[in-house]
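J.: So the chains spell out like this:
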Amino acid sequence: MGPLVPDIIGSEFNFVIALLIGIAFGFVLEQAGFSTTKKLVGLFYGYDFTVLKVFFTAGITAMVGVVLLAHLGLLDLDLIYINPTYVRAALIGGGIMGAGFIIGGFCPGTSICALATGKIGAFWFIVGSLFGMLIFMEAYPVFEKIYMADNWGPVRIDKYLGLSQEVFAIIMTATAIAAFFFTQKIQDRLLNIKPSYSRNKIWTYSSFAAMPFIIIALVAITPNSRERMLAKAGNIGLQEKAKEIMADKLILELANNYYNINLIDLRDSSSFQKSHLPLAINIPYDSLLNRSYEDYFKQHYKTNVFYADHPQTAKKAYVIATNLGNAETLVLHESAEQFDSLIFKAEIPATGASKSAQQLYQFRKTMAQNVKQIEDRMQKQSQPVKKETKKVKGGCS
Amino acid sequence: MRAKAFMNPYLAGFLLGLVLLNTIYITGHGLGASGGTKSMVAATVKAVAPDHYANTRYYQEAEAEHPGSPLKNWLFFEIIGVFIGAFASGVISDRVALKLEKGKGVSNTVRIIASITGGLLFGFGSQLGRGCTSGSALSGMAVMSFGGIITMLAIFGSAYMLAYFFRKLWINK
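Line by line, the protein sequences give chains A and B.
Going by our numbering, the first residue of the first sequence is number 2, and it counts up by one from there.
Going by our numbering, the first residue of the second sequence is number 3, and it counts up by one from there.
Since the hints were derived computationally from the structure, they do not count as laboratory data.
You may find that some hints are simply not true.
Below, in silico cross-link-like pairs of lysine-lysine (DSSO-like), each with a Cα-Cα straight-line distance of 27 Å or less [what the hints assert, rightly or not]:
#1 A:303 <-> A:373
#2 B:101 <-> A:146
#3 B:101 <-> A:39
These figures come from a predicted structure and were not determined experimentally.
With the hints as constraints, model all of the structure from the sequences given.
T.: The structure is reproduced here in structure tokens:
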């Protein structure tokens with residue numbers, strides 16, 4: 002699940018990725034015509050709306066893509082960087098940048114592309130921008146108040162407007178398409194072009210424009226990966242075949258192969274604190290989908306054994322866990338309480354009980370003692386290491 | 003040889019969107035440009051005036067957040083890539099040539115002074131506004147950041163309002 006940095010891709014290799022992404026970024030910007038001022042400022046005089054078309058198509062492609070990836074469970078929106086909102090700094094800074102744009106003819110990214118293709122204006126623009134940044138950093142105390150004012154944090158506009166992200170994405174896409182249509186009219190009138198569009202071209206453009214709407218509609222009507230998984234887990238019947246393990250077998254395994262087993266207690270943490278099976282770790286059922294536990298379900302070394310207040314809960318967890326990863330998973334046939342009374346509170350058989358009952362009692366007693374001993378030795382290792390899921394740092398400032 | 007035509011803007015936008023989406027998927031943050039150049043400024047200050055660097059709060063706060071050289075910055079490596087990618091694209095499409103683009107009737111000196119002034123403003127504004135057209139406006143839009151979208155409106159709004167006054171730099175009216 003994305004983002005891949007820092008868990009799947011290390012931060013050093015990330016610099017190589019930065020270079021590769023930069024190459025793609027620069028290549029596309031140059032192909033789009035962003036290395037020439039005439040195209041860039043054309044937007045502000047109405048003779049060339051390329052910037053608007055490229056910018057909004059890119060923004061909407063990425064926006065719809067983010068919504069889709071999150072829906073499919075491929076991207077964790079809680080972890081990605083949302084540019085923070087400092088209202089005053091954004092408006093004043095943006096205003097100054099706009100002036101820089103129309104006077105200098107570039108913005109920082111496009112000036113690098115233009116320099117790469119030999120534009121002299123871009124060279125001087127970059128020189129100016131380096132000094133502009135230097136001034137800000139040197140005189141930071143003077144501007145700090147404005148810079149820090151009205152801190153709203155990482156607000157998302159859909160939340161701010163009280164809309165769902167799907168509705169906002171639809172509005173944004175519709176706005177962009179309307180803008181493309183009308184700016185094309187303006188441009189044609191200004192340049193005295195009588196446009197003629199072939200049926201083929203109209204067909205291509207309309208289907209291209211319909212794509213984001215179709216994707217958003219599918220996202221809106223289908224349950225997301227998390228909902229699907231929970232629904233599947235909710236439907237499971239008692240008869241459903243989750244791989245089970247019986248109490249006696251489990252205690253034998255724990256006594257002999259505890260290092261091959263993750264015994265996972267699915268009850269909430271307060272019941273876990275009160276009492277739990279020896280060697281158990283606690284992953285409450287409700288937080289199974291929490292990213293920090295993912296590693297337990299995606300490993301090939303240990304067998305996960307679930308138990309809960311009710312075997313039914315453990316079976317639901319089985320469905321979720323086997324959906325999340327390929328780790329070998331078992332469900333304890335008994336409930337936590339049953340297990341406890343069977344093994345740890347095993348009753349001494351009445352005198353005259355059968356030999357097998359006597360043996361079973363002896364077996365349970367010995368195993369229970371062994372496992373308790375192992376737990377005593379491993380006290381310090383019994384809790385899962387809390388893995389921190391850090392929010393990504395990003396931004397351009 | 004004549005320069006090849008530019009790519010269809012919608013196709014270019016779509017590809018740019020895919021680059022941005024990949025960036026978010028891989029790194030969790032968006033693209034940028036001004037952040038990369040800023041790290042060059044900070045690195046230069048550190049190399050040229052280390053005492054001053056150590057005594058200025060802004061640099062120290064930045065260093066506390068990202069220890070090590072200011073150039074050890076994702077966006078710095080990214081803008082090196084941008085330069086390489088744009089150059090490759092320019093070579094492929096025969097568009098690399100030393101050129102000063104400007105409106106007719108504008109002297110070279112005026113255009114260069116305007117470039118420096120524009121750069122100065124944009125560089126300063128990008129620091130105050132926490133990112134430029136790429137890092138704040140475009141990447142912010144992709145993740146529906148309120149701040150990113152109002153920065154975008156402010157940039158384009160202000161450029162439209164001022165366009166009339168600077169028309170001679172670019173067009174002949």
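J.: Next, verify each hint and record whether it holds.
T.: How the hints compare with the structure:
no.: 1; hint: A:303 <-> A:373; verdict: 20 Å, holds
no.: 2; hint: B:101 <-> A:146; verdict: 41 Å, violated
no.: 3; hint: B:101 <-> A:39; verdict: 12 Å, holds
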